[in-house]
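A.B. asks: Residues per chain are reported as follows:
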Amino acid sequence: MGLTNVVRAMHRQVHSAVSRGTVNAAEIAHFSRLSSQWWDEQGEFAFLHKMNPVRVQFIREKLLEVAREEHEGEDALSSKGLHGLDVLDVGCGGGLLSESLARLGANTLGIDASESNVKIAKLHASADPKLERLSYVNTAAESLLESPKRYDVVCSMEVLEHVDNPASFLSTCAELVKPGGHLFLSTISRSPLAYFLTIFLAEDLLRKVSRGTHTYSKFIKPTELVAFFQKHHSSASADPQYLEHATLSRPWISPQASSVSPPRKEAEVRGLIYHPLQSKWLLAPRDAWGATDCNYIFWTRKPSE
Amino acid sequence: MQVWDGISDARLTFSASEIGLERPQEGMARLTENLNLQRGLLRHLEKLPEVQLIDKTKVQSIIRDTEERGGWPLVHLDNGRVLRARLLVGADGFNSPVRSYAQISSFGWSYDTQGIVATMVHPPRGAFQGPNTTCYQRFLPTGPIAFLPLSPTVSSLVWSTRPHIASALTASDPDVFASMINAAFRLPELSLRYLYNRIIEAQANGTPLTHAEIQQEILWREQSHSIDHNSAYASAVIQPNADVGVPAADSESLPPLVTSLQPGTVATFPLRFNHTDSYIGEGQGSRTVLVGDAAHTVHPLAGQGLNLGIADVECLARCIDDALQKGGDVGSYTALLPYAQERYLENHTLMSAIDKLHKLYTSTLEPVVWARSVGVEVLNEFDSIKAALMMTAGARDHKLNNAAAGWNMAAKGVEGLAAGVNAAKLLSGGIGGMIGMGL
Ligand SMILES: Cc1cc2nc3c(=O)[nH]c(=O)nc-3n(C[C@H](O)[C@H](O)[C@H](O)COP(=O)(O)OP(=O)(O)OC[C@H]3O[C@@H](n4cnc5c(N)ncnc54)[C@H](O)[C@@H]3O)c2cc1C
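These protein sequence lines map, in sequence, to chains H and F.
Quick note: the first sequence uses the UniProt record's numbering, first residue 1, plus one each step.
Quick note: the second sequence uses the UniProt record's numbering, first residue 1, plus one each step.
Please note: incorrect hints may appear among the correct ones.
[Said to hold, decoys possible] Some, not all, of what chain F presents toward chain H, calculated at C-beta under 8 Å: (1) E68; (2) R69; (3) D250; (4) K326; (5) G327; (6) S332; (7) Y333; (8) T334.
These are computed hints drawn from the structure, not numbers from a lab.
Idealized CB from N, CA, C, for every residue including glycine.
Could you put the whole structure together from the sequences, leaning on the hints where they help?
C.D. replies: What follows is the structure, given as structure tokens:
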């Protein structure tokens, strides 16, 4: 499974993080080798490269849709998609998603806990003169809370299934979103299908991926994500401007709604399906039965009041 | 469009009104001189300020940038400029420098055939004959000769033939060459072979044939085949006022008689089949993509070369646009892959079918010639196959899936008939039976 390969490679790079020090020529050579792995589109990360355009498509179309609904009646110019937005990519890896978002005009910050990943991402982006809106920092999401800076869009792709405390991770990501801003997550569902594909097939049977890469119990179902945000109230912000409303803030998703199909303007879950004949990933149609049983992408929005 | 076999004379007739086009009066295809197309495109480019054209400049070399700088192609121009390319599109023809840079190998072969092109001048069609809007193509054992109308009095020639014949024809006096073009559409194959030899011998003896001499030779051949001088098949004596009065009975079956060639328009090219192993550069050749003749070269018998290239470009532009919409890097393998997936197989199918037709039609083996004539006549009965053939010849809609299928079916049909020909002859004892079986 390509995805599990990706994860394995990510793990390896996390563990191979080199010690800090001044950058020397040997180090540059080392990172460009690693970089050529992350960016070898037919290599270990091929699935991720193929999946990336579909995620970007979802993000872009969602933002355009929301903008169109909010600016109904105004001219189409008001919906510029990602252009000019402040976007945070949590767990940016080699920078696949971050580069795409920056190319679409977003002021993009990619962060990753692995120093090596960040160096790879920086090196790759430095070759491209069109990526001046892109920057990377080697840090954990939690440490960004110390700064008052908040983002129009926070993305975190294929990270949730690897964190030890998903609830705290989700709260952190949610906290980093500006009021009225957007949160996009993609991950693997905890379903018999996901178990079969990612653990039984890839790890146990085919031994393509070292055992223990994935932990079934860490997979999160879309309904669990929805349920989380039905209870999640934006906490009192560090910014005093929002403090007085803190007690009034409503949860991100209406608690009375069904967690299977949340209100369309508050959240959306779409399956990402691999089409083996066309060898590409497709965005499953809304409400396609069973489509969210394995890889899926989730969107929700922070209430603006 | 009229297509016929040089040996058996079996003929296919296509017309726009037969295939249910929405606007048959527009015809089934347009012939455009490359020069006009290029002029139109250049004019369009002038309107696009974001496009910068550097002309009268050659690409001297292409070098890969360092690994740390991403290994992008650096294009060195002969004026000293260096362009760093996110995506380098190789639209640089058969000897593509981009293809060499990307180290993309190709497979193919030469046809031992030269293509002669020229612009022909002829009188307008007479009042009873309709306008000059029909293409003619005769499949001779040496290769096909095609007449492509451009205006009432000007048409284009594409004549594929053996190299020694091509060099003899193009070395001749232009009027001698014009006479040979007329003869090549009309005289039986045996006489053509005789005429080629006469021209070659005379040239070898240092006394090339004059216009009067070749006309005399053609007249004798016509007389020996009992071709009446009023027939459309006669070209030895060009009637001064052939375009007035009632035309010869067969005149619609043949192109107008060529009176001269436009000076400076005669050129020859070696013909070959060539297809690269890939359209996208990888590894050391990343950020490159091939379109047009850089990716594939076909025999011009179907007039498809440029059309294939235009379809490539249309598809590539769509893929680039799609990648841009999704924030993709247009030089990446991921962005370019859909282009290769869409075009490679389609081009290959069409190219193989054209190649097959060339091989079948240059054969003089008796069963193949017989099957060919039956095949062509069977095809003439099948409106759907004809329609498919016509659609492709004009590439009216290059996304049409049966485009390649049409050519393939034509080639397969003839091939299959040739293979089963002896058994079929025994069984049916004739063409009628064969058509019955084919249906
Ligand atoms: C005899 C004959 C008849 C044909 N008849 C037809 C027909 O009827 N219909 C049809 O559709 N097709 C026909 N074709 C095919 C058609 O001509 C080609 O398919 C078409 O021209 C290919 O276009 P292209 O742009 O890919 O390549 P080309 O037309 O070969 O263009 C390549 C360009 O790249 C430039 N270039 C190359 N190297 C360099 C360099 N180092 N620096 C700068 N520039 C460079 C060249 O100058 C040239 O302008 C015929 C071909 C032949 C040989």
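A.B. asks: Decide, hint by hint, whether the structure agrees.
C.D. replies: Outcome of the hint check:
1. Annotation: interface hint on E68 of chain F holds; nearest CB of chain H at approximately 6 Å, less than 8 Å.
2. Of the supplied interface hints, the one on R69 of chain F holds, with its beta-carbon coming within about 5 Å of a beta-carbon of chain H, less than 8 Å.
3. Nearest Cβ of chain H to the Cβ of D250 of chain F: about 53 Å, over the 8 Å cut. The hint is violated.
4. The interface hint given for K326 of chain F is met, as the beta carbon of that residue sits about 4 Å from the closest beta carbon of chain H, less than 8 Å.
5. Given hint, G327 of chain F at the interface with chain H, holds; its Cβ is 3 Å from that chain's nearest Cβ, closer than 8 Å.
6. For S332 of chain F, the interface hint holds, since its Cβ comes within 8 Å of a Cβ in chain H; the closest pair sits about 6 Å apart.
7. Hint on Y333 of chain F holds. Least Cβ distance to chain H is approximately 4 Å, under the 8 Å limit.
8. Interface restraint check: T334 of chain F against chain H, minimum CB-CB distance 5 Å, threshold 8 Å, status holds.
Going down the numbered hints, you'll see the structure goes against just number 3.
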